[in-house]
Amino acid sequence: MAQALEIISDEDRYYRADNFPKGLTRKVVESISHIKNEPAWLTEFRLEAFKIYESKPMPGWGFFPNFKVDIDEYVHYIGANRKKKKSWDEVDPEVLKSFERLGIPEHERKYLAGIEAMEDSETVYANVKKELTDLGIIFCDIDTAIREYPEIVRKYIGTVVSIGDNKFSALNSAVFSGGSFAYVPKGVKTPMPLQAYFKVSAASSGQYERTLLIAEDGAELEYSEGCSSVQDKGTNFHTAVVELIAHKNSKIFYTTIQNWKKNMYNWTVKRGLCHEAAHITWTDVNIGANTIKYPGIVLQGDNSTGDILSLAFAGSGQIQDTGARIIHVGKNTRSNILAKGVSLDGGINSYRGLVKFTTGSSNAYSHVKCDGLMMDDRSQSHAYPYNDVSGQNGTLNYEATVSRIDEDQLFYLQSRGLSEDDAKLLIINGFCEGVTKHLNVEYSVEMTRLIRMILEDGKVISEHSDSAVS
18 MAQALEIISD EDRYYRADNF PKGLTRKVVE SISHIKNEPA WLTEFRLEAF KIYESKPMPG
78 WGFFPNFKVD IDEYVHYIGA NRKKKKSWDE VDPEVLKSFE RLGIPEHERK YLAGIEAMED
138 SETVYANVKK ELTDLGIIFC DIDTAIREYP EIVRKYIGTV VSIGDNKFSA LNSAVFSGGS
198 FAYVPKGVKT PMPLQAYFKV SAASSGQYER TLLIAEDGAE LEYSEGCSSV QDKGTNFHTA
258 VVELIAHKNS KIFYTTIQNW KKNMYNWTVK RGLCHEAAHI TWTDVNIGAN TIKYPGIVLQ
318 GDNSTGDILS LAFAGSGQIQ DTGARIIHVG KNTRSNILAK GVSLDGGINS YRGLVKFTTG
378 SSNAYSHVKC DGLMMDDRSQ SHAYPYNDVS GQNGTLNYEA TVSRIDEDQL FYLQSRGLSE
438 DDAKLLIING FCEGVTKHLN VEYSVEMTRL IRMILEDGKV ISEHSDSAVS
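Residue numbering for the sequence shown follows the numbering used here, starting at 18 and increasing by one per position.
If you're looking for bench data, these hints aren't it; they were derived computationally from the structure.
Backbone N, C-alpha and C fix where the C-beta goes; we use that ideal spot for every residue, glycine too.
Any given hint might turn out to be false.
As the list claims (entries may be wrong) - In the DSS-like style, the derived pairs of lysine-lysine whose C-alpha atoms are separated by at most 30 Å in a straight line are: (1) Lys-441 with Lys-476; (2) Lys-278 with Lys-184; (3) Lys-172 with Lys-268; (4) Lys-73 with Lys-85; (5) Lys-172 with Lys-279.
Stated by the list, open to error - Restraint-style ranges between C-beta atoms, simulated for each label pair: (6) Val-462 with His-51: 25 to 31 Å; (7) Lys-206 with Gly-251: 29 to 35 Å; (8) Pro-76 with Pro-208: 37 to 43 Å; (9) Gly-40 with Tyr-429: 53 to 59 Å; (10) Arg-466 with Trp-58: 41 to 47 Å; (11) Glu-293 with His-51: 39 to 45 Å; (12) Lys-206 with Arg-433: 41 to 47 Å; (13) Trp-58 with Pro-38: 24 to 30 Å; (14) Gly-447 with Asp-393: 16 to 22 Å; (15) Ala-57 with Ala-417: 26 to 32 Å.
Turn these sequences into a full structure, and let the hints guide you.
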């Protein structure tokens with residue numbers, strides 16, 4: 018009888034994995050931690066974050082007031098209750114079909130070191146090749162890392178993006194589920210890119226993956242991820258937190274292509290920390306959704322460097338508020354920001370950036386270039402730079418352009434035998450090239466196809482036109 022009462026008590030205290038209600042409460046937070054059988058320190062981490070989340074108001078700056086999002090209208094955990102799969106043959110056919118459309122099996126057959134595939138709140142497929150294990154590289158989902166490498170996770174989680182950094186870092190810290198974890202030991206280089214795919218399929222739900230990547234002294238880590246969502250009438254809410262830690266003389270290269278549906282809110286916090294002579298590159302491509310995201314780098318160590326490459330497309334009914342944050346702390350630090358935005362069919366694109374030289378950052382250098390391309394009279398392009406130069410002998414270069422597609426270029430290309438659609442594709446691909454050239458081959462091919470789809474959807478070019486431009 019006592020045992021039966023205990024089971025009933027648990028059912029009263031926690032939600033089932035497949036039966037979470039809308040809204041965010043303490044019970045929701047505790048239920049997620051209970052389902053995942055997490056250690057007490059992580060439950061406390063979540064609950065502290067929940068308190069901070071409740072205490073902070075929704076931001077009132079920038080484009081936030083335009084969105085009028087009620088977070089309590091979303092379900093914040095979608096439990097798959099699935100065992101981790103080790104082979105594509107074991108994955109649910111519908112899930113497999115959605116991932117095959119993204120080209121994951123082809124990627125893996127060719128060269129991928131490992132893949133984490135996440136459906137809604139849970140990882141459904143995981144495979145890490147022996148080559149990684151032999152090198153001492155750890156690559157898994159964050160839930161596995163918490164169970165198997167708790168000392169590493171506890172040491173680093175929340176150290177670059179703190180719980181109280183903003184309302185959405187607190188939200189993610191309270192309810193995060195899934196996401197990637199990678200640890201590359203001293204002097205080791207990932208033999209090929211680590212790769213992750215995230216997909217949202219449940220209507221009116223939130224997704225909150227948490228990614229933590231660590232490169233020890235002299236290590237080199239390359240990571241790529243793709244994101245997608247099912248098109249439906251209901252909105253979805255996505256708030257991820259990504260933390261990168263690059264130790265002395267190490268390098269981290271992080272690439273993401275986020276191809277969300279249009280009626281989705283994507284408010285993500287991404288930040289990296291560079292120690293002495295370390296380097297971080299963010300390559301960030303945003304398609305679909307209403308996005309607020311500014312990947313950041315703190316150049317803490319002397320002689321550390323950082324690059325942020327950003328590309329965003331804003332179509333009908335979309336606001337893409339993207340940019341970069343770089344803070345120079347150490348001496349002789351270097352940074353580069355390249356932001357490209359394309360607005361079409363009435364979309365709004367904006368660059369919002371911060372470059373800060375702190376008082377101790379002598380001989381710092383930063384170059385910022387943001388370019389906007391508007392495809393029609395209804396679209397908008399904005400730039401909101403904020404530069405704070407307090408260090409000694411620092412140099413900051415900032416340049417920005419906003420333009421329409423060049424009619425003279427179109428005429429010239431058409432006179433050389435290209436159709437008008439092919440000429441537009443060539444010009445826009447050229448505009449984006451400063452960012453897309455840094456993508457690996459498979460992503461570059463995917464990006465070319467996506468650009469065509471975006472322009473067709475925005476009625477910039479005709480659908481299904483035969484093209485000589487690839």
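Problem - Hints the structure fails to honour - result: 5, 6, 7, 15
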